[in-house]
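Novice: The primary structure of each chain is shown beneath.
2 protein chains.
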Amino acid sequence: MTFSAFHPPLRTLMGPGPSDVPPRILEALSRPTIGHLDPTFVDLMDEVKALLQYVMQTENALTMPISAPGSAGMEACFVNLVEPGDKVIVCQNGVFGGRMKENVERCGAEPIMVHDAWGSAVDPQKLEDALIAHPDASLVAFVHAETSTGAQSDAKTLVELAHRHNCLTIVDAVTSLAGTPLKVDEWEIDAVYSGTQKCLSCVPGIAPVSFGERARHKISNRQHKVQSWFLDMNLIMGYWGQGARRAYHHTAPVNAMYALHEALLMVHEEGLENAWARHHRNHLALRAGLEAMGIQLIVDEPHRLPQLNAVAIPEGVDDAAVRARLLNEHHLEIGAGLGDLAGKVWRIGLMGYSSRIENITRCLAALDGVLADIGAPVNHGVALPAAEKILAA
Amino acid sequence: MTFSAFHPPLRTLMGPGPSDVPPRILEALSRPTIGHLDPTFVDLMDEVKALLQYVMQTENALTMPISAPGSAGMEACFVNLVEPGDKVIVCQNGVFGGRMKENVERCGAEPIMVHDAWGSAVDPQKLEDALIAHPDASLVAFVHAETSTGAQSDAKTLVELAHRHNCLTIVDAVTSLAGTPLKVDEWEIDAVYSGTQKCLSCVPGIAPVSFGERARHKISNRQHKVQSWFLDMNLIMGYWGQGARRAYHHTAPVNAMYALHEALLMVHEEGLENAWARHHRNHLALRAGLEAMGIQLIVDEPHRLPQLNAVAIPEGVDDAAVRARLLNEHHLEIGAGLGDLAGKVWRIGLMGYSSRIENITRCLAALDGVLADIGAPVNHGVALPAAEKILAA
Chain B
14 MTFSAFHPPL
24 RTLMGPGPSD
34 VPPRILEALS
44 RPTIGHLDPT
54 FVDLMDEVKA
64 LLQYVMQTEN
74 ALTMPISAPG
84 SAGMEACFVN
94 LVEPGDKVIV
104 CQNGVFGGRM
114 KENVERCGAE
124 PIMVHDAWGS
134 AVDPQKLEDA
144 LIAHPDASLV
154 AFVHAETSTG
164 AQSDAKTLVE
174 LAHRHNCLTI
184 VDAVTSLAGT
194 PLKVDEWEID
204 AVYSGTQKCL
214 SCVPGIAPVS
224 FGERARHKIS
234 NRQHKVQSWF
244 LDMNLIMGYW
254 GQGARRAYHH
264 TAPVNAMYAL
274 HEALLMVHEE
284 GLENAWARHH
294 RNHLALRAGL
304 EAMGIQLIVD
314 EPHRLPQLNA
324 VAIPEGVDDA
334 AVRARLLNEH
344 HLEIGAGLGD
354 LAGKVWRIGL
364 MGYSSRIENI
374 TRCLAALDGV
384 LADIGAPVNH
394 GVALPAAEKI
404 LAA
Chain Z
14 MTFSAFHPPL
24 RTLMGPGPSD
34 VPPRILEALS
44 RPTIGHLDPT
54 FVDLMDEVKA
64 LLQYVMQTEN
74 ALTMPISAPG
84 SAGMEACFVN
94 LVEPGDKVIV
104 CQNGVFGGRM
114 KENVERCGAE
124 PIMVHDAWGS
134 AVDPQKLEDA
144 LIAHPDASLV
154 AFVHAETSTG
164 AQSDAKTLVE
174 LAHRHNCLTI
184 VDAVTSLAGT
194 PLKVDEWEID
204 AVYSGTQKCL
214 SCVPGIAPVS
224 FGERARHKIS
234 NRQHKVQSWF
244 LDMNLIMGYW
254 GQGARRAYHH
264 TAPVNAMYAL
274 HEALLMVHEE
284 GLENAWARHH
294 RNHLALRAGL
304 EAMGIQLIVD
314 EPHRLPQLNA
324 VAIPEGVDDA
334 AVRARLLNEH
344 HLEIGAGLGD
354 LAGKVWRIGL
364 MGYSSRIENI
374 TRCLAALDGV
384 LADIGAPVNH
394 GVALPAAEKI
404 LAA
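Top to bottom, those sequences are chains B and Z. Count along the first sequence from 1, add 13, and you get the number used in our numbering. Count along the second sequence from 1, add 13, and you get the number used in our numbering.
Keep in mind the hints are simulated off the structure, nothing from the lab. Heads up, some of the hints might be wrong.
Which copy is meant is left open, because identical chains are indistinguishable; a pair holds if it fits in one copy or across any two.
[Unchecked claim] Straight-line alpha carbon distances no greater than 30 Å define the calculated DSBU-like cross-link-like pairs of lysine-lysine that follow: (1) LYS238 with LYS402; (2) LYS238 with LYS114; (3) LYS402 with LYS100; (4) LYS114 with LYS357; (5) LYS402 with LYS196; (6) LYS231 with LYS357; (7) LYS357 with LYS100; (8) LYS196 with LYS169; (9) LYS402 with LYS169; (10) LYS231 with LYS139; (11) LYS196 with LYS357; (12) LYS402 with LYS139; (13) LYS231 with LYS402; (14) LYS114 with LYS402; (15) LYS100 with LYS238; (16) LYS231 with LYS114.
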């Protein structure tokens, strides 16, 4: 086998993540590596923490990036807050609720599942019924923004219900963070995790997490040791703690931290409210274009995520063939359906730096061109004007 | 709080890792991000796998990078191969054997500890005694190259002993990989993990692992599910499997994979044997310089790691003050002692791209200057000539 340097094609990333990474974040990523215990790096860690507190809208001291992807962020929340024998209510309305169930089981605990249709929001009434039926449950977990369906649930209400029944809460904010409002303190979320490769538009591989006081108390007073050494917050706290004295836990992904810092800085510069508004406005433009073509979003309007648009694949259209042509001819990535929705939907992301006007027009033009070419039953030539009308308003 | 762009100082990294990352790897790291399921990325994954097989000297199909730091690579080996109730023999001669013990316990298994002094190699006789005393043990774990002490153990002999007593083996090769010979297939190692930030001189955050046929059989036939969803090799195999069809597991750290590919390419270009020889030659030169000053290596010659030189801090010298001056005045990072050796040793790394002549001379000159300035009881002005004599030979 012969090997040669890898030069990736220049894609436009409009799938469910990673999103387009802006040049200034890539540049930050490639700055010279320093040691993970270098005082200069420790200063950077403090800034990353403060910036994460800002984007998560929290003053939780236990706010930091886990040195691994979002799935490990999910696992960090479960292994620290769940003990063998616990009953955990998991609300599932897509792929990631199912992954939560796996996590609960692997902690030796019992998952109580509350199911909603894929593409729907979590129904608070069903959660309340489950809380009443299982007064011994200690935790409620749900996904704020389901990346597999594009549906957003009412995190504030769900957390309130859980607290009323003395349960802690774990919230998956992988796709919501910096794309739609997420207010960790105001909503009193106990534990939350996210990813870097969605609306932060940073490179994938890091998972911001935050734990509130109740969660922190639980972690410090467990009956059993956390089953993961790598994800044990009791140990990680020592490295990400206050002040200059840090205990070595693992070697932090130094360069990824440079990139995360720069990504958070960009959100801070734009302002969180402005980022939310941009995601919303651009979603409306994309939606107008898609609907003009006759392509329908599968999620009901009140629960639609602006940053992830799941649309029904038009009748008779070959899912994989269209995505392959978009990728090969237009260098445009959109997402396939997952699980129950495989083959039925496309997921079009407008996340972070990908939520730009030029991406909307590029996507609509490419989709229109490919679908016209294969004679798909959609309206041609109308998408761009419809989108532009919204953007001009 | 106000925030601004982070521009790291330009350090020379001669601690226990991260090592200096060469510009071409930083440049590869910053190439445009593509999707983790992009066919182009899948091709890259195949190359990374083949290159890892080369540097690990194995044909194991189950060879791949874990998307998290070395500590997670360690945990991946333990959670996949250990089941509750198992007896695991752990040879400890430094910090990382202790971390293995933690991993065994957190898997619900019983660690049988075999202790050797910090700075010594693992004693095969002690392992054999333990194997005889515990015929029901199912696994032996040890560290090939102890990053905390600079001692190398005889992996081939230890694995042979384990196999003779029907035990599988987990080998920590975090610091040995690409610095000293590591022959996974020839030595019949069952499971091995490493890191990217040592002799591969890649950015930290990724952990190459490899599992042989016996280990693979064990993983596929477990009684209990792997306790970590994120590290379950049964699932990860589906993403890193053969061919174009990959099952989504987690979002791979795409840009870190570019960097790892480039780092592996550099080892492949140099040739593994040449890399080993370079590490050895440069170690001899550094050692000559240090010994000329009167600074002694703490590990006996046959077990010394050329890539990590643990030296006794000269009598009366303030450990932290010297390291701070090296860092602040010379931008040179060397490592502190860990655990039992804290305050007693410095760890001077010559790993990967840090194993260069200019680093040796820079380190000796800086150390000589700072120690002279504080009136330390060492010989001044003799280190560089001693090192240069070796390099000229």
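Novice: Hint by hint, note whether the structure agrees.
Specialist: Evaluation of the provided hints:
1. LYS238 with LYS402: neither (58 Å within a copy, 54 Å between copies)
2. LYS238 with LYS114: both (21 Å within a copy, 13 Å between copies)
3. LYS402 with LYS100: neither (51 Å within a copy, 69 Å between copies)
4. LYS114 with LYS357: within (24 Å within a copy, 48 Å between copies)
5. LYS402 with LYS196: neither (32 Å within a copy, 64 Å between copies)
6. LYS231 with LYS357: Classified as neither: same-chain Cα gap 42 Å, cross-chain 38 Å, threshold 30 Å.
7. LYS357 with LYS100: Neither: 34 Å inside a chain and 49 Å across chains, both beyond 30 Å.
8. LYS196 with LYS169: within (9 Å within a copy, 55 Å between copies)
9. LYS402 with LYS169: Neither, since 34 Å and 71 Å both go past 30 Å.
10. LYS231 with LYS139: within (26 Å within a copy, 41 Å between copies)
11. LYS196 with LYS357: neither (33 Å within a copy, 48 Å between copies)
12. LYS402 with LYS139: Neither: 40 Å inside a copy, 78 Å across copies.
13. LYS231 with LYS402: neither (52 Å within a copy, 61 Å between copies)
14. LYS114 with LYS402: neither (44 Å within a copy, 64 Å between copies)
15. LYS100 with LYS238: So LYS100 and LYS238 pass the 30 Å test inside a copy (18 Å) and across (19 Å) alike.
16. LYS231 with LYS114: both (20 Å within a copy, 25 Å between copies)
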